[in-house]
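All chains should be modelled from the sequences, with the hints used to inform the complete structure.
Number of protein chains: 2
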Amino acid sequence: MSTRVAVEDLKAFCVEALLRAGAKATHAQTVAEVLVTTDTWGTFTHGTKLLRDYVKRVKAGGLRSDTEPSVVASGPAWAIVDGGSCLGHVTSVFAMQQAIQRARTAGIAYVGVRNSCHFGAAGYYAWLAAKEGLIGVSMANDIPSVAAAGSRRSVTGSNPLAYAVPNGTGDPILLDIASSTVAGGKVYAAFQRGEPIPNNWILDEEGHPSTDSSLYPAKAALTPLANHKGYGIALLIESLAGLLTGAKVTWQVGSWIWGDATQPTGHGAAFIAIDIAAMGPRDVFEKRIAEMIREIHDSPPADGVERVLVPHEREWNLRRKALVEGIDLPSDVVGKLAGLADDVDLHPAWLPRSA
Amino acid sequence: MSTRVAVEDLKAFCVEALLRAGAKATHAQTVAEVLVTTDTWGTFTHGTKLLRDYVKRVKAGGLRSDTEPSVVASGPAWAIVDGGSCLGHVTSVFAMQQAIQRARTAGIAYVGVRNSCHFGAAGYYAWLAAKEGLIGVSMANDIPSVAAAGSRRSVTGSNPLAYAVPNGTGDPILLDIASSTVAGGKVYAAFQRGEPIPNNWILDEEGHPSTDSSLYPAKAALTPLANHKGYGIALLIESLAGLLTGAKVTWQVGSWIWGDATQPTGHGAAFIAIDIAAMGPRDVFEKRIAEMIREIHDSPPADGVERVLVPHEREWNLRRKALVEGIDLPSDVVGKLAGLADDVDLHPAWLPRSA
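Going down the list, the sequences are from chains A and B. First residue of the first sequence? That's 1 in our numbering, and the numbers climb one at a time after it. First residue of the second sequence? That's 1 in our numbering, and the numbers climb one at a time after it.
Derived by calculation from the structure, the hints in this document are not laboratory data. Be a bit skeptical, because a hint or two may be false.
[Unchecked claim] Which residues of chain B face chain A? A partial, calculated answer using Cβ under 7 Å:
no.	residue
1	GLY107
2	LYS229
3	SER239
4	VAL308
No experiment lies behind these values; they were computed from the predicted model shown. Idealized CB from N, CA, C, for every residue including glycine.
This is how it looks when you write it as C-alpha cells:
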C-alpha cells in the first residue's frame with residue numbers, strides 16, 4: 001500500500017528532519033531537493049528512503065555540519081574539490097556547478113571530488129548540467145559490493161554512471177545506471193518486501209548465483225553488469241572518481257550505512273560538463289536531437305511495448321504527474337520515513353505512524 | 001586451423017595492399033599499425049580481417065586518398081575535426097593526438113570527429129593517450145545494427161566505448177566494449193564458422209530472440225547490452241560522436257561494408273584525454289593504481305578461474321607473445337586476407353592461397 005504526499009510536504013519534512021539532526025539550513029535544502037526530485041522520477045531506491053541513514057550520520061558527526069566543499073586545486077578546465085566530509089549531495093551539487101562554470105569558458109570541464117559521501121542518484125547531477133544547456137556526466141565510487149569478472153568476492157562498488165543530454169524540451173535524455181547488474185538498493189528492496197531475486201543479481205560466498213536476497217551484502221556480492229563490461233566500467237569510475245581525486249578507493253571507502261557513523265566515509269565522485277553552445281549553434285544541435293528522438297519514437301515497438309522511449313522519458317512523465325498530484329510513496333519508503341519520524345520526533349499528518 | 005605470421009610481415013602486407021589500392025604512404029602505415037596491433041591483442045574481429053573491405057572503399061573512392069583530417073573549430077580544451085572522408089584510423093589517430101596535446105595544457109580535452117569512417121578497435125585510440133601518461137576515452141557511432149530497449153528493429157549503431165588508464169607498467173587498464181550485447185563482428189564470425197549463437201545476441205524481424213547467425217544484419221538486430229543500459233550508452237555516444245560533431249547519426253550513417261563504396265559514410269567519433277599529471281603528482285597516482293591492481297590480483301577467484309585480472313591484462317600477455325613468436329591468425333581472418341591478396345595481386349609466402 002502506498003502513501004500519497006505532496007512534493008512540497010515531503011520536501012519540508014526532509015528539510016526539518018535534517019535541521020533537527022544538526023545540518024545547516026542550506027545543506028538541508030539541497031539534500032531535500034535531490035532526494036525528493038529522485039522520488040518524483042519514481043526512483044524510490046535512491047530518494048527519501050535513504051534519508052534516515054544520512055540523518056544518523058549527521059547526528060553522529062561522520063557527516064559534518066560545520067564544513068563546506070571547496071576547490072583545492074584547479075585549472076581552466078578542471079578542479080579537485082574536497083567535500084569536507086559534509087553531505088555528499090551538497091558537495092556534488094557544488095562540484096557540478098564548478099564543472100558547468102568551467103565548461104562555459106573551456107568547452108569541457110572535469111571536476112573530481114574527494115572526502116565526500118554517498119550522493120544519492122547520480123542522474124540528479126547530470127541533470128543540473130542539462131538544465132543549463134550542457135551535457136552532464138556524473139559518477140561515484142562506493143564501498144565494494146560487486147564482484148569483478150572472475151572473482152568470488154566484492155572488488156568494486158556498484159559505482160554509478162549517469163549522463164544527461166539537453167534537447168530543448170526540458171525533458172533531457174538521462175541515463176543513470178549502476179555498473180552492477182542491479183543496484184544494491186534493489187536487492188534490499190526485494191528483501192524488505194520478502195521477495196526472492198532473479199538468479200543473476202548476486203553471487204553467494206562460494207561465488208555461485210543465488211536468489212536469496214537476505215544474503216546481501218554480508219554474505220554475497222552483486223554481479224557486475226554483463227560481467228567484464230560492468231567490471232571495466234566500475235574501474236573507469238574508480239579511476240576518475242577515486243584514484244585521480246585523492247578519494248578513498250575500493251575497501252578504503254567507508255560504508256555510509258553500516259560503518260562507524262562518527263567517521264567520514266571518504267567517497268569519491270567525478271563530474272564532467274560539455275558546453276554544446278561552445279562547439280556550434282545550439283539550435284542546430286537541438287534540431288538534430290529532436291530528429292533523432294522522433295526517429296526513435298517512430299521505430300516499430302516490440303510485442304507488448306506501446307512506444308519506444310528515450311532514456312528517462314517515463315521518469316519525466318512520472319515527475320509531471322507527481323508535481324500536480326503528489327508522489328505515491330511505496331510502503332518500504334514510508335516505513336523508512338516513519339522510522340526517521342520517530343528518530344527526530346517529527347510527525348506530519350500525511351505520514352502513517354510506524355508500527 | 002590458424003596461420004602464424006610475424007608481426008612485421010603482417011604489417012608489411014597491410015601497408016603494401018593499401019598502397020596498391022591508392023592510399024597515401026602515411027595513411028597506409030597508420031592503418032596497418034592499428035589493425036596489426038589489434039591482432040596482437042587477439043581481438044581478431046577488429047584487426048586485419050577488416051582490411052579487405054577498407055581497401056575496396058579506398059579503390060572505389062568512398063575512402064579518399066587525397067585528403068587529410070583537419071581541425072575546423074577549436075578552443076583550449078576542445079576541437080572539432082573534419083576527417084575529409086579519409087581512412088577512419090588516420091582521422092582517429094589525428095584526433096586523439098589533438099586531444100592529448102590540448103589536455104596537456106587544459107587538464108582535459110574533448111575532440112569530436114565528423115566525416116570519418118569505421119575506425120577499427122576503439123581501444124587503440126584510448127591506448128594512444130595511456131601511452132603518453134593520460135587517461136584516454138574513445139567512442140564512435142555507426143550505421144544502426146542494434147535494437148533500442150523496446151524496439152524490434154535497429155535504432156543505434158553498436159557504438160563502441162573504450163578507455164585506457166596508465167599505471168606506470170606499459171600495460172594500461174584498457175576496456176573496449178560494444179554497447180550491444182556483442183559486437184556485430186562476433187555474429188559474422190560465428191556465421192563464417194557455421195556456428196549458431198547464444199539466444200540473447202540478436203532479435204529477428206518479429207523482435208524475438210534467435211540463434212540463427214545468418215539472419216544478421218539483413219533480417220535481425222543486435223540486442224542492446226543489458227537492454228536499457230546499452231541503449232542508453234549508445235545514445236550518449238550518438239550525442240558526443242554524432243550530434244555534437246556534425247557527423248551523420250543513426251540511419252544517415254553509411255554502411256562501410258555494404259554501402260555504395262564510391263560514397264563517404266559520414267561516421268562520427270569522439271575522443272577525450274585527461275592529464276593525470278595536471279591534477280597531482282604522477283607517482284602518487286601510479287602508486288595508488290598499483291595498489292588497486294594488487295588488491296584485484298589477490299582477490300579470491302571464482303571456481304575455474306586461475307586469477308582475477310584487470311581489463312586487457314590477457315590481451316597484453318598475448319601481445320608480448322605475438323611480438324616474439326608471431327600472431328596465430330584464425331582461419332576466418334586468413335580467408336579474408338587471402339581474398340584481399342587476390343584483389344591486389346600480392347601473395348606473400350606466409351599467406352595460403354585462397355581456395
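Hinted contact B/GLY107 with chain A - closest CB pair below 7 Å: With a minimum Cβ separation of about 4 Å from chain A (threshold 7 Å), the hint on B/GLY107 holds.
Please verify that hint: B/VAL308, Cβ, nearest Cβ of chain A, below 7 Å or not. Status holds, d = 5 Å.
Under 7 Å, Cβ to Cβ, is where B/LYS229 needs to be relative to chain A, so tell me if that hint holds or is violated. holds, 5 Å
Per-residue hint verdict: B/SER239, partner chain A, C-beta under 7 Å: B/SER239 check passes; min Cβ-Cβ to chain A is 5 Å, inside 7 Å.
Of the numbered hints listed earlier, not one is contradicted by the structure.
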